[in-house]
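Colleague: Heads up: the sequence lines are chains A and B, in that order.
For the first sequence, my numbering assigns the number 15 to the initial residue and increments by one for each residue that follows.
For the second sequence, my numbering assigns the number 74 to the initial residue and increments by one for each residue that follows.
Don't take every hint at face value.
Claimed, not checked - The calculated SDA-like cross-link candidates involving lysine to any residue, where the alpha carbons are at most 25 Å apart (straight line), are: (1) B:152 <-> B:77; (2) A:168 <-> B:229; (3) B:152 <-> A:100; (4) B:94 <-> A:168; (5) B:94 <-> A:95; (6) B:186 <-> A:100; (7) A:168 <-> B:152; (8) B:94 <-> A:100; (9) B:186 <-> A:96; (10) B:94 <-> A:103; (11) B:186 <-> A:168; (12) B:94 <-> A:97; (13) B:186 <-> A:99; (14) B:186 <-> A:121; (15) B:306 <-> B:352; (16) B:306 <-> B:94.
Calculated directly from the structure, the hints in this document are not laboratory data.
Each chain, letter by letter, is given below.
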Amino acid sequence: MTTASEAAAEAAAELLLPVPDEDGAPFWEYAAQGELRVQACAACGRLRFPPRPCCPHCRSFDSEWRRMSGRGRIWSYVRPHPPLLPAYAAQAPYNVILVELADAPHIRLAGNLVTSADAPLDSVDPARLRIGARVHAVFTETGGMAVPRWVLEKS
Amino acid sequence: MAATLKDATAIVGIGQTDFAKRLPQSEKELACRAILAALADAGIDPGEVDAFASYTMEETDEVEVAKAIGAGDVTFFSKIGYGGGGSCATVGHLASAVATGQATVGVAWRSRKRGSGPRPWKNTAVQLPTPGQWTRPFGLLRPADEIGMLARRYMHEYGATRDHLFNVAMACRNRANANPAAMMYERPLTREMYMTSRMISDPLCLFDNCLETDGALACVIVSAERARDCRQKPVYVHSVAQGLPAQHHGMVNYWNDDPLSGPAWTAARHLWKQADFGPQDVDVAQIYDAFTPLIPLSLEGYGFCGRGEGAAFTEGGALEMGGRLPINTGGGGLSEAYVHGFNLINEGVKQLRGVSTAQVPDAATCLVTAGEGVPTSAILLRS
Chain A
15 MTTASEAAAE AAAELLLPVP DEDGAPFWEY AAQGELRVQA CAACGRLRFP PRPCCPHCRS
75 FDSEWRRMSG RGRIWSYVRP HPPLLPAYAA QAPYNVILVE LADAPHIRLA GNLVTSADAP
135 LDSVDPARLR IGARVHAVFT ETGGMAVPRW VLEKS
Chain B
74 MAATLKDATA IVGIGQTDFA KRLPQSEKEL ACRAILAALA DAGIDPGEVD AFASYTMEET
134 DEVEVAKAIG AGDVTFFSKI GYGGGGSCAT VGHLASAVAT GQATVGVAWR SRKRGSGPRP
194 WKNTAVQLPT PGQWTRPFGL LRPADEIGML ARRYMHEYGA TRDHLFNVAM ACRNRANANP
254 AAMMYERPLT REMYMTSRMI SDPLCLFDNC LETDGALACV IVSAERARDC RQKPVYVHSV
314 AQGLPAQHHG MVNYWNDDPL SGPAWTAARH LWKQADFGPQ DVDVAQIYDA FTPLIPLSLE
374 GYGFCGRGEG AAFTEGGALE MGGRLPINTG GGGLSEAYVH GFNLINEGVK QLRGVSTAQV
434 PDAATCLVTA GEGVPTSAIL LRS
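Extracted from the complex, chain A is given alone in its bound form (with noise of 0.2 Å):
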């Protein structure tokens, strides 16, 4: 007989995995190493999201990836229910919300809201779900990959 926690713990084995492509590979290279980076221009410094291969604002194609705070705000979420995909319905409803990064508010990255790296997706209480929440991202293990996600500074 398998336990709660079990069944939870399989069901989150099945999560979608992150595909990355050429452009994205570092940012994943990087969350497994446990950090959060995203994509700048090597000539004008602006940072970008998501990655591509070039700068739209000075068109140079030498780029750096530069590392962040890790702290941001809940700009918005969701709550997905049923009908989802099976493993995300096992824990629905879940939340999935969008930081904006402290170091750089128009950068804003999808992810969930949890209680540990590892805790599952419906694991935070829906009341403290809110807009402008300080956040800060922890990275979990998940079939062989490392993906962020993020939990609430103290309050």
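Once you've looked at the hints, dock chain B against the given chain A.
Modeller: What follows is chain B alone, placed relative to chain A:
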């Protein structure tokens, strides 16, 4: 003087199949039935068709359609991307082709078995329309999740409420209740039903989402000169526009610096620049409504109110018959049928012919828009 599309062409025929959750015919058969109905409405022989336009998501291609309906030699064909963002561009492309002499009789169509067919978001191998690596793993899986994110922020910034979204759902449902072809004919909606319905992607509930529909529609476009000899009163294509804003990201525009200023704004600027009239002169509008929040966002983008005023605009029956701007008079995607917005085009034509089931008295101008949140398109029709 530069060439202009203004009133150079007209929609002279419209056709549609039944709309239902499940139809027995294939998408190809539905496409052919809608197209032949539109040609019959126009009084034009299928052998005269020499131009086709549809969506890249249309699975029945023009080779198959042309062969099946017995079209002649085809000299123009076009497909527009981004799902529901392409609806009005099908008319725009054909208007351009006919006005510049590349073709004489154009058919635009959309056939879809979304009611009984698969949901695109279930196919995780196809990571469209967004770069899926940044969203899908986190459970942002469906268009409702993506638009829900914008809706929550919109509500937060401008004080919009679920009551405002209900106003939109209600206006569309009320029109569908008068339209025997609508899936929601004789199925009234109440505020209580809305407020207690199940959530799909909180803050969006069941009634904030469009219908899953099987069905097809088509329309026929010819030159204004030829239109005068057709069976129906011509409905002129007054202005057309597409819109892909700077730094836009399809469906997930929150990577843009200003996510609440979407493709509608870009399309609108060009649309009005080419037109002899403005938003204040629009008698009736068919505004793309895959989700209720797209209406306030579009009302702002197309200039019916100021930035942040779209939700308040829906108050006091403004979107209802006799209101400031009756919308989606066939019921729209929310309550007539969701066929990627093509029913909005045909409903615009019905209004300007004076034959809508929710007729705006003496309607002479109509705005039709395509999907907001993705690269979009719009047309202005006039009688």
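Colleague: Are there hints from earlier that the structure breaks, and if so, what are their numbers?
Modeller: Per hint list: 3, 4, 7, 11, 14, 16 violated.
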